[in-house]
Amino acid sequence: MRVAVFRWKAVVPLLVLGAVALGLWLVFADRIVRRTAESVGTTLIGAEVEIERLHLDLPHGRVEIHGLTVASPFEALENLLQADALVADLEPLPLLEKKLVIDRLTATGLKFGTPRKTDGRTGGQADGVMGQVNHWGDQLRVPALALPTGKISAARLDPAQLTTPRAAAALGARADSARQAWDSQLKGLDVAATADSARRMVERLRGAKATDVKLLGDARRTLGQLKQAQDRVTALERSATSGIAALQAGAAGLSDAKQRDYATARGLLKLPGLDAPDIGAALFGSAAVDRFQRALYWVELGRRYMPPGLLPRATPGPQRARRAGATVRFPEANSEPAFLLKTAELSLQLGTAGAAPRTYAASVSGVTSDPALYGRPATASAAAPGFRLGALLDHVRATPRDTATASLAGVALPPLSLPSLPIRLEPGSGTVALSLAVQGDEVRARWTMQSDRVRWTRDSSGAAPSSPTGDLVWRVVSGIPTLAVSASLTGSLARPQLAVSSNLDRALAERLRAVAGAELAVAERRVRAQVDSLVDGPVAPVLAKVTVLGGDVTRRLGGERTQLDDARKALEQRLRELTGLPGMRLP
Amino acid sequence: MLVLKLIQSLIKALHSEGTPGQLAAGLALGSILGLTPLWNLHNAVVLALIIVLNVSFAGAMLGWALFVPMGFLLDPAFDWIGRTLLLETQALRPLWTALYNAPVVPLTSFNNTIVLGSLVVAAALWVPLFFASRWGIVRYRATVVERVKRSALYRSVVASKLYNLYRLFRPEA
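Protein chains in written order, with the numbering used here: chain E, 1 to 587; chain W, 588 to 760.
It is worth saying that the hints were derived from the structure and are not from the lab. Note that the Cβ used here is the ideal one computed from N, Cα and C, for glycine as well. Some hints could be false.
For each label pair, taking beta carbons as the anchor points, the in silico distance ranges come out as [what the hints assert, rightly or not]:
| hint | chain 1 | residue 1 | chain 2 | residue 2 | range |
| --- | --- | --- | --- | --- | --- |
| 1 | W | 742 | E | 118 | 50 to 58 Å |
| 2 | W | 689 | E | 55 | 38 to 46 Å |
| 3 | E | 439 | W | 680 | 27 to 35 Å |
Computed list of chain W residues with no C-beta within reach of chain E, every gap over 12 Å [unchecked claim]:
| hint | residue |
| --- | --- |
| 4 | 665 |
| 5 | 680 |
| 6 | 704 |
| 7 | 719 |
| 8 | 726 |
| 9 | 730 |
| 10 | 732 |
| 11 | 742 |
Please model the entire structure based on the sequences and the hints provided.
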């Protein structure tokens, strides 16, 4: 029996099924697209994206979104932005290629930093952008403003760390060795015997005649022996003088070693840096790093989702019961980008201190997933009294270049808690500015904050315990009504360098130096005394030994030389008397 | 009850009027639904084929039910195959680029590693699965079917009184 290939009677049910599917799509399209938009947005930003209502109007190529809320990827209970309504005009044909090209987007009622009830952060994984930025922020060393508190224990000083006692012991050994050597050499000279022999010869010559040639010859030999003994004494004197000089230099070196030991002991005190830049970094470094991290987060997101070039790019696939896998894009020259927002006009509201929020206008253009295809950088700009914003993300070329600058005057600045101190700063109304330029891996950024009427409050929540440093800082800052903070970031992304300064730095530095300087002087005196107690004991006897040895050797050598000189004079005198006849002379 | 339905479906399919070839073709087409992520455009095409082609619908449902768990289990392998094809095979890049920038084709999500990997595996398995299942069905009908028909289990399942009773008394959602 031949079996038919097609089941023609099933065509009608198939068409009915297709119609039902189409009807279901039309009914649920808004919901499906809303969920897809929420899912994609959440993945992109790293925080919950919620949409109250979305309407897809395909015949007119329009999408309307009402009640958009984007949670902050940085703060747990804060929204990044909320928008009352967004209307996007789409190009329909790219939708067939699963591409989204938005000709024009208008957003109204944009508000930033509004509170939320639940934590909307979804990022933070070590391999995500947030993890990457956090790791980057960890490289920036923010010093802690802390003074040593309480007594600085002398027991911290380990005697084994001191060099002076070891040097003194070595010098003492050298002195002992030198004394033994000189004693031995002095004995070897046998000066007394030579001098006695000379004196005996003088006695023999008293009754001698000038014609006693043999006696005169003996006298001359004795005189020669005296001269040789004098030469040996001279040589020993030279050697002893240089040896004593070396020992005295060693004794002087003990003083230098002691100075080094003082330095070692001072190093154990862990004295804080009291330079003004350190203070600025300690007070506002964390806040500056937080701002720079946030700016860099958006730059990194931009680089991840708007990469230069036309190579295939893999991004995480859609969430589903099965594995998500990776979805790979294959951009091609002269084709549409996978995503393109040509222009956007935004109406945003920013709060001012003590007044109703003001509405500002901003525009965005050229935001695309494939900058190389679009061929132009993404830009954002806004200008209004007291508000200025400009950003350019140029990923068209191989080396991405991102610049942004924003300043806002007369707005309520967010309060700051000074790190590790129970002090809270409420800047009130002021001006804040942030500029950032990232070219390839090189970064230059600056954050400034100014306010003329700051309020300082003591934080009684117990988050930072009360401390002498905190009290001191409070006494200084509570009388300062203005604030001007400037932080700059330079270097490569791998090795960034942070510099922070503020108008509080000098005032705090002077006050801290005055108070801490006295404490530090006391601490230094204490450690010097401890070093003295450990060093003077072994050093004093060695110094005395060197002094005594020098005098002793000099005295003994002087005595020996005197004996020889006297004997030689007497012998020469007697010989001169014997041989003083005309025509005769001493040999 | 899912197991009961599966057994019921299996027995209905194996003992249906269809030829072993129709049953095997349905089962092989159903395996594509099971192996690949369901909500994709290519599965709409597969479903249309199951309806329009003269294959066993019960066999297709059986194939789908049998291969869904295999799809979940093999996802890591599908991901690897998809990555290899999409990202690491330079020779295929022009093809993917052309397909990605063609109308409608991107709606199939072929550029997802799981979708492509599972679709390639399902397509490669289709012919062997068709012949293997057809041989198995022929052997089954020649040797086992009569003994199964006489078994108490078969009679109770085919009568499906238990299942119908369950349906009457199952709790409302």
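For a quick check of understanding: which of the numbered hints are violated here, in increasing order?
Failing hints, ascending: 2, 4, 5 and 6.
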